Structures are given as C-alpha cells and as structure tokens.
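Order-wise, the sequence lines are chains A and B. Numbered per our numbering, the first sequence spans residues 53 to 287. Numbered per our numbering, the second sequence spans residues 437 to 645.
Any given hint might turn out to be false.
[What the hints assert, rightly or not] Quick look at which bits of chain B chain A covers, simulated, 3 or more residues with Cβ under 8 Å:
#, region
1, 486-498
2, 586-600
3, 620-626
In case anyone wonders, no lab produced these hints; they're calculated from the structure. Values in this document were obtained by computation on a predicted structure and should not be read as measured data. Positions of the beta carbon are idealized from the N, C-alpha and C atoms, including for glycine.
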Amino acid sequence: MNRRALLHRALALGALAALPGCDYENPQNPDLADDFLHAMSWFNDRVQQALFNPHTLAPTFSPDQITQPPRFNAFYDISDAPVVDPATYQLELGGQISDKTPWTLQKLRTLRQESQITRLTCVEGWRVIGQWSGIRLADFLRRTGADTTCRYVSFKCADGYYSSIDMESALHPQTILALDFLGAPLTPPFGAPVRLRIPTKLGFKNPKSVTYLAVGNVYTGGYWEDQGYNWFSGS
Amino acid sequence: MPIPTGAERPQKIHPLPLRLMHWVNAVAIIFMIGSGWQIYNASPLFGFSFPPVLTLGGWLAAGIAWHLAMMWFLMANGLIYLIWGFAAGHFRRKFLPISPRAVLRDFGQALSFRLKHERGVYNAVQRLLYIGVILAGIVVVLSGLAIWKPVQLWPLTTLCGGYFAARYVHFTAMAFIVAFIAVHVLLVILTPKTLPSMITGGQMPETQP
C-alpha cells in the first residue's frame with residue numbers, strides 16, 4: 053500500500069475526517085492530512101536542529117554490554133543483503149567536494165580509525181548495543197576538501213537504499229564511516245564494506261554498504277524519509 | 437496583564453478557558469493514544485499488541501508522524517493549563533482540601549451508589565483522580581521526550597532510568613490516563629447532565645448565605 057492510501061486510512065479514523073477540504077477520492081488534489089503531517093515534520097526537523105548540541109555525546113557502553121548475537125534489520129531479508137567485492141569496492145564522491153577521487157577500501161584503512169561502543173536505536177523502538185570502528189566523517193570531509201558550510205551530506209548504497217543527514221550531525225565526533233563491526237570487517241548483512249554509523253540519530257539514518265557520498269545544499273531525502281518518516285530523526 | 441480568572445464569573449461551573457483547554461486536550465489525547473498504540477505495535481513491550489482498528493495511522497511512519505505532530509498541541513495546551521490552573525486559583529479551589537479520610541469516605545459512598553453529584557464541586561475521589569491524571573500527564577510528556585531525544589535530552593532519559601525503562605514509564609503513564617478516560621467517560625454517561633456544562637459552561641447553583 054502506498055503512503056497516501058495509508059494516510060487516507062489514518063484520516064478516516066481520525067477526528068480530522070469531519071473537516072472540510074479533505075479529498076478521499078482524488079489523489080491529485082492536495083490532502084489536508086498530508087499537508088499537516090508534512091508541515092509538522094518540517095517543524096520537528098527545525099526543533100531538532102535547534103536542540104542539537106555538537107558537544108553532546110551519545111552514551112557509550114562497556115564491551116560486556118554489547119548485544120549478542122547482533123540483530124540484522126533492513127527492508128529486505130538477510131539473504132538478500134548485497135555482497136560487495138572489497139577488492140574492487142570504491143567510494144565515489146560528488147557535490148561540493150574538491151577532491152572527488154574515489155576511495156578504495158585499502159586507502160580508507162590508511163586513515164585514522166576511531167572505535168565506539170554505542171547504542172543503535174531503531175525507529176520501531178528496540179535498541180541494540182554494538183562496537184563499530186572506522187573513520188570520523190568530519191576527518192574524511194576535511195581530508196577530501198568538502199565544503200562543510202553546505203547543509204547536507206547524502207549517501208547512496210549498494211542495495212538501492214539512500215539517505216541524507218544535516219552537516220552539523222555529519223561533523224559530530226561520533227559520526228563515523230564504519231569499516232569494522234565487533235572487531236572484524238563488516239559483513240554484508242551489517243553493511244559491508246562501509247556504512248555510516250551515527251549514534252546521534254535513529255537506526256535508519258545509518259545507511260549500509262555506502263557506495264556514494266555527496267555534499268550539497270539540495271535536499272535529497274531518503275528511502276524511508278520519502279515515505280513519511282521524519283528526516284532529521286535525531287536521538 | 438492579569439490572567440483572567442474563573443473567579444470573575446463565579447456563576448459558571450466551567451470557565452471558558454477551561455472548556456477550550458478540555459476539548460483541545462480531548463482531541464490531542466485521542467490522537468496521541470491511537471498513534472502511540474500504532475508505535476507500540478512495531479515493537480511491543482509486553483506479550484500483546486493493540487488491535488489495529490484501535491490504532492491510528494495505518495503503519496508506523498504515519499503513526500509516528502501523528503504522534504510527533506499532535507504532541508505539540510498536547511504539550512502546549514497542558515502547559516497553558518498548568519499555568520492557568522495555578523495562576524487562576526483553579527487547582528486550589530477545585531482540588532483542595534483533600535484528605536485520605538475524605539477519599540475513603542467518598543469512595544465507599546460511590547461504591548454503594550450513595551455519593552451525590554454536586555454541581556461545580558468535586559468529591560474527594562474526583563479530586564484525587566484529577567490530581568493523579570495531571571501528574572500522569574506530566575510523566576507521559578517527560579518520558580515521551582526522553583524516548584524521542586535520549587541523546588540531546590539525556591537528563592530526562594536518565595531521570596526515567598534510561599531509554600529502555602523510559603518506554604515502560606511512558607506506557608504506564610499512558611495506561612493510567614486511558615483508565616482515567618474510561619472512568620471519566622463512564623461517569624459522564626451515568627450523569628449525562630455534566631456534559632453540556634463542559635460545552636456551555638453551565639450554571640453554578642445559587643450560593644447559600
């Protein structure tokens with residue numbers, strides 16, 4: 053079912069159904085519930101940007117608190133997770149980045165690696181604790197000459213997933229391009245060979261198997277965001 | 437500018453600001469509960485899910501969108517109510533005094549159907565439940581914020597005992613509010629003359645000299 057049909061169902065259940073101007077039959081017409089929820093989601097993005105403190109760190113945990121076994125989650129079955137050949141993998145760059153030379157996995161490994169034991173909170177309400185290590189995104193953006201005055205950092209993935217985050221969150225010290233998970237290189241279900249790990253946002257803002265990274269001022273949305281989930285989705 | 441107080445119009449059972457806030461709250465809380473149950477069903481805390489027909493949104497994204505939209509109306513309205521309640525003397529006049537003895541007495545009378553409804557005056561059980569649901573409202577908002585922003589609003593999350601515990605706190609406060617609404621609506625059905633006064637304001641009985 054598409055989002056509009058579902059919102060219509062929501063509307064039918066809600067008290068707003070009594071309001072004039074709702075159009076249940078013609079999806080071409082502007083929909084009151086859609087407009088209202090979009091406006092409030094936009095407002096919530098602004099509130100979350102205002103609440104965001106670049107110095108507030110997400111809680112960290114001890115190794116014995118790590119969730120075992122790790123929990124797989126995606127919009128497809130675990131057997132459908134994309135398998136990217138690490139030998140030929142390239143992270144391509146786009147947008148307002150001065151050096152757009154693609155990065156191989158080998159070259160990414162030469163950069164300073166950071167490790168963190170943090171909580172991944174799913175939009176569904178469950179959470180797991182894991183250990184990730186990789187490159188600080190802030191380091192990577194500076195190293196490649198990205199214009200960090202831009203508003204967005206966007207990601208495209210090997211599995212067709214895509215997402216984007218605000219620059220302030222991208223520059224947060226705990227935001228990393230993770231290469232390792234639980235002390236070993238990432239495996240396909242968990243986002244091999246490179247995933248974004250951003251503990252100041254919900255799980256779906258942590259795209260896996262990232263193959264393209266761009267910096268810019270044009271809003272690019274995301275796979276779930278375009279279906280109605282809040283874009284900022286900060287923790 | 438002084439905040440208008442109910443005392444200026446003593447003849448009304450429910451002053452206009454209270455009636456407005458009551459109905460804004462009623463609409464907001466229905467949206468919050470329906471969408472909250474939708475969100476609960478995505479990752480149930482206990483061994484049950486809410487029947488989909490009682491949930492709002494149709495799926496998780498819409499449930500969250502409704503929840504995070506209507507929360508602002510609930511919170512703003514609730515905050516104004518708290519300020520008004522203290523500033524206008526509403527809480528003091530309507531909820532006080534209250535004693536355990538009076539609560540037990542009125543509760544006993546209520547169970548034996550001997551408790552009289554007095555226009556414009558709350559019995560001790562009502563006073564206790566109204567104070568209780570206001571406190572539950574405060575807890576549900578604070579624990580909700582703790583779940584929404586556990587990193588940026590971490591002191592609230594810590595206050596709730598952490599992210600995991602905050603969901604249980606939020607659920608418990610919701611359950612209390614739902615139980616309150618069930619009793620509240622049941623009593624209105626049993627005493628239908630109380631409903632129009634929450635719309636028109638009603639008339640207080642002539643005061644005895």
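Taking the hints in turn, this is what the structure says about them:
Check result for the region 486-498 of chain B against chain A: holds, 7 residues qualifying (beta carbon to beta carbon below 8 Å, three or more required). Counting residues of the region 586-600 of chain B whose CB falls under 8 Å from any CB of chain A gives 7; the rule of at least 3 is met. As drawn, the region 620-626 of chain B meets chain A at 0 residues by the rule of a beta-carbon pair under 8 Å; below three, the given contact is violated.
Taken one by one, the earlier hints fail for this structure only at number 3.
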